[in-house]
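Chains as they are written, first to last, in my numbering: chain A, 1 to 339; chain B, 1001 to 1266; chain C, 2001 to 2377.
Don't read these hints as lab results, they were simulated from the structure. Certain hints may be false.
Some chain B residues close to chain A (C-beta under 7 Å, calculated; not the full set) [what the hints assert, rightly or not]:
id : residue
1  : Arg1114
2  : Ile1115
3  : Arg1254
Computed cross-link-like contacts, EDC-like style, restricted to lysine to aspartate or glutamate with a CA-CA straight-line distance of at most 16 Å [stated by the list, open to error]:
id : chain 1 : residue 1 : chain 2 : residue 2
4  : B       : Lys1154   : B       : Glu1144
5  : B       : Lys1183   : B       : Asp1160
6  : B       : Lys1105   : A       : Asp251
7  : B       : Lys1105   : A       : Glu209
8  : B       : Lys1026   : B       : Glu1243
9  : B       : Lys1185   : B       : Asp1073
10 : A       : Lys320    : B       : Glu1144
Note that the coordinates shown come from a computational prediction; the quantities given were computed from them, not determined experimentally. Where is the CB? At the ideal position from N, CA and C, for every residue including glycine.
Chain residues, written in single-letter form:
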Amino acid sequence: MRILLLRVIAILVTFIGLYMLSQFVTYQMDPYYFQVLIECGVYIILAVSLNLINGITGQFSIGHAGFFAVGAYVGAAWTMIWQPMVVGRYSFLQMGTLHGDILNLLIALVLGMISAGMAGFVVGLPSLRLRGDYLAIATLGFAEVIYVLLLNINSVGGARGLNGIPTLISSGNLALFWIFLFVIISIVLSRNIMQSVRGLTWLSVREDEIAADAMGVDTTKVKVTAFVIGSALAGAAGVLYAHFLTGISPDIFSMNTSILITTMVVLGGSGSVTGSVIAATVLIVLPEMLRFLKNDRMVIYSVLLIVMMLTRPQGIFGTKEIGFPKWRRKQPKTEGRSA
Amino acid sequence: MEAQTAEDGGAIRIMSVLEIRDVTKKFGGLAAVSGLNLIIEPGELLGLIGPNGAGKTTVFNLITGVYKPSSGDVIFQGRRLNGLRSCRIASLGICRTFQNIRLFKQLNVLDNVRIATHLHTKANLLDSILRNTRLLNNDRELTEFSLMILRSLKLEDVSDQRSSDLPYGLQRRLEIARAIATKPKLLLLDEPAAGMNPQEKVELMELVRCVRRDFHLTILLIEHDMRVVMGICERIYVLDYGELIAEGKPEVIRKDPQVLSAYLGE
Amino acid sequence: MRIFIQQLIFGIQLGSLYALIALGYTMVYGVLSLINFAHGDVYMVGAYIGFYACTYWLPFQRISADPHAAVMNIVLAVVVLLLSMLMCGALGVVIERFAYRPLRNGLGITDAHFWGFALSLPVAFHFHLFHKVSDGAGRFLFGIMWFLLIGVIVGYALRPVIRWISLRTVLSPSRLNALITAIGVSLLLENGGWLVFGPNPEFIGTMVPEKNFKILGGVIINSSQLAILVISLILMLILRHIVLHTRTGKAMRAISHDIEAAKMMGINTDKVISVTFAIGGALAGAGGMMVGVLTHVQITPLFGLLPGIKAFVAAVIGGPGNIPGAVLGGIIMGVAEAFVGGSSFSTYRDAIAFTILIIILLVRPAGLLGRNVAEKV
Chain A
1 MRILLLRVIA ILVTFIGLYM LSQFVTYQMD PYYFQVLIEC GVYIILAVSL
51 NLINGITGQF SIGHAGFFAV GAYVGAAWTM IWQPMVVGRY SFLQMGTLHG
101 DILNLLIALV LGMISAGMAG FVVGLPSLRL RGDYLAIATL GFAEVIYVLL
151 LNINSVGGAR GLNGIPTLIS SGNLALFWIF LFVIISIVLS RNIMQSVRGL
201 TWLSVREDEI AADAMGVDTT KVKVTAFVIG SALAGAAGVL YAHFLTGISP
251 DIFSMNTSIL ITTMVVLGGS GSVTGSVIAA TVLIVLPEML RFLKNDRMVI
301 YSVLLIVMML TRPQGIFGTK EIGFPKWRRK QPKTEGRSA
Chain B
1001 MEAQTAEDGG AIRIMSVLEI RDVTKKFGGL AAVSGLNLII EPGELLGLIG
1051 PNGAGKTTVF NLITGVYKPS SGDVIFQGRR LNGLRSCRIA SLGICRTFQN
1101 IRLFKQLNVL DNVRIATHLH TKANLLDSIL RNTRLLNNDR ELTEFSLMIL
1151 RSLKLEDVSD QRSSDLPYGL QRRLEIARAI ATKPKLLLLD EPAAGMNPQE
1201 KVELMELVRC VRRDFHLTIL LIEHDMRVVM GICERIYVLD YGELIAEGKP
1251 EVIRKDPQVL SAYLGE
Chain C
2001 MRIFIQQLIF GIQLGSLYAL IALGYTMVYG VLSLINFAHG DVYMVGAYIG
2051 FYACTYWLPF QRISADPHAA VMNIVLAVVV LLLSMLMCGA LGVVIERFAY
2101 RPLRNGLGIT DAHFWGFALS LPVAFHFHLF HKVSDGAGRF LFGIMWFLLI
2151 GVIVGYALRP VIRWISLRTV LSPSRLNALI TAIGVSLLLE NGGWLVFGPN
2201 PEFIGTMVPE KNFKILGGVI INSSQLAILV ISLILMLILR HIVLHTRTGK
2251 AMRAISHDIE AAKMMGINTD KVISVTFAIG GALAGAGGMM VGVLTHVQIT
2301 PLFGLLPGIK AFVAAVIGGP GNIPGAVLGG IIMGVAEAFV GGSSFSTYRD
2351 AIAFTILIII LLVRPAGLLG RNVAEKV
């Protein structure tokens, strides 16, 4: 009972905190920083979700932008194409009011997550046959196929993409609320999975697949589940990105993005959620900070990347975590903020 | 089909834990194991010996589903195992250790054992994500169980060390602990004493005996060192070039001329 | 039928270029199990060397102005080809030396990086003082030095920090690290190229005389196409000879089987790996030069990216580490692309490579000619 109460309080505190934060920040902050902050949030979700597949389960997936794209396009397709088709019949879907917007956003999120999760399932299947670099190339190939498809489907704008996607929040000031809600969800989800016995089996697949199999771990199921959950979260990131930056085009989901997300995971220390969060923030903020260097910034960025890999191959955090209480012998700690 | 096999498997030999019937495994043209028959009774401590390359580890791989037999049946408690995946076989109650240690290297000792207890978790993935009371209680139980196993294998002092940092002997012991944590009915030990000094081997023999008593296990043990095998096994199978050349009590095996010639050369 | 054969010829020409790049990928993958992401960018550099050599460095004459210049230009073009191969081979070796070897040996940033700094400093300084970068060679060299300089200066300035961080380096780097390092090198070459060569697309005009030959039933084959095919074939035969019949080739094959065992047999693995990178780089350089000089595509700093990825796909299709496989994969890729490009689905041209890849990987996980090695339990 106490646990339940604590959880409810924690969830309430999170919600109110996020609401206050987004209210405060939206009106105080320069639009440019605001946009960077949104991007940070989206990429944190992406990095943390790729970390589930890549760092925790050890499946070498480097095509995460594909799932991101699926989510973004399906979500945008709901608000721009499908919603207008059905709104005549179901008037409660009308946008413009707060509850209508929230409802539409939730529908877009659900659709985006489901379709990205299904894509994850399809991509996860080869992971049963392919290992290591081969899987990496297959996933990268999948992302590239999605990219070319998006370029060629005219109903979603082809190379121009979709623009003017309604932000779905009447006053536009709840963007941070939604994005950081999902940031928290993905972090808490990763943490909870990693700390449970069932989640340990995911780690065991990373460590030694044959031994895991011999211990009765259904490696097939673990891998596919990791792919589905990871890509569904990436899909959510896509929906949020589409609705709060109000424009998407295939170029956002090109191979460079896939590589950027992979880099975040490795740089942070694959397997470390804390590392993913920090690396995602750094890799989004750093190029912005180096903007005064103009063209040289990407050179410096790539040199830094190489130097980092040479000097600290295990990433910033290795597999360590900050703020995740270790398992206690007497009583597992029951702290809140559940997803 | 399966039920039927199970029935007649049960009818023929209701007592045996594991029965290997005329199993052959070929790699290309080479038969690593040919026409092997082997029966394990409940509670036995059985030895499987033979010179290098005799096919002992292949037998383990056939039992645990890493390899599929080219012909013949492996029957566990009246159930055919052919074609089942390793993880299914493990969940039925056969667990093994590895000749070349395969621990989850980056995880600590306790987590290595906790992973193996996952077969007994009642919490599903959603419970894990929500971290609800069911999961917390269940995880606590499993952790207590893991700690109990670590205690009985005298590993509790190192429970929070990284498993790859352990000394060799302890790594071997951890492999056994991990296998026991799946609560197997049949435990397969693949050269548990390899690379140990005589003193460690004596300790290990003692340990295997204790483990069998405490956890009511049936054990099949591959070993190189004749002294270890002769010391603890009740019955021994001897393999050479994939074929069974002798079977019986240690005293008998010790004097068997075929075994002697296989080990010492013609 | 005529169109079919025409497309086929185009496909084989394209495929032989992919094969040349794929060979570099496959050889490096064979010896190091590393996806050398930067390889496509070496190809890009090869094309730029072709551009600078043709435009600034060598005395090419306009063919239209002087009919006798044709022979001279062909000789010069061969020189450009060799130059391009040489410089790209060297680039491959430099990449290996500075990025992959420290990672492989777990050395991190070594003194070699600071030596590189010391060497590049005066040259870069020279070009920086005399800001005369209008001529091609100067601009080119200046650029190279400049981005070498940036790399090393950052490294040098961060030296204490780096030392401090690397004190904790205990784990051996994983495959993922190697991949990210390779991606980093690729980004460096692309963005460095952006800086050095400028963002504007460059274009090499007709340097060698071109002629169309009509063969059976009206199929036209261009002399440039023919040249590409013949040169690729010659290079592949040379490579085959090196791999099968020389000591170095034998050492390469030994390393690809088991690098540790090869080391113990007294093979200087570092040296052989350098040679592998040199050969791979030279092949990519040849490919880049031929694309630039003979097919007149526009060259941009990013133009190596997609052919590089596709060539890698070709290598995977054939079975990484397998040299005939890379050639086969390259040809398949080129032909498939030519046919899709010639059909009404031409906009899906870039997707076909990956579709083929995914299908082949699912059917034969180790590639067409590769062998699947099961892990020993």
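Problem set entry | Violated hints, by number in ascending order, as checked against the structure | 3, 5, 6, 9 and 10
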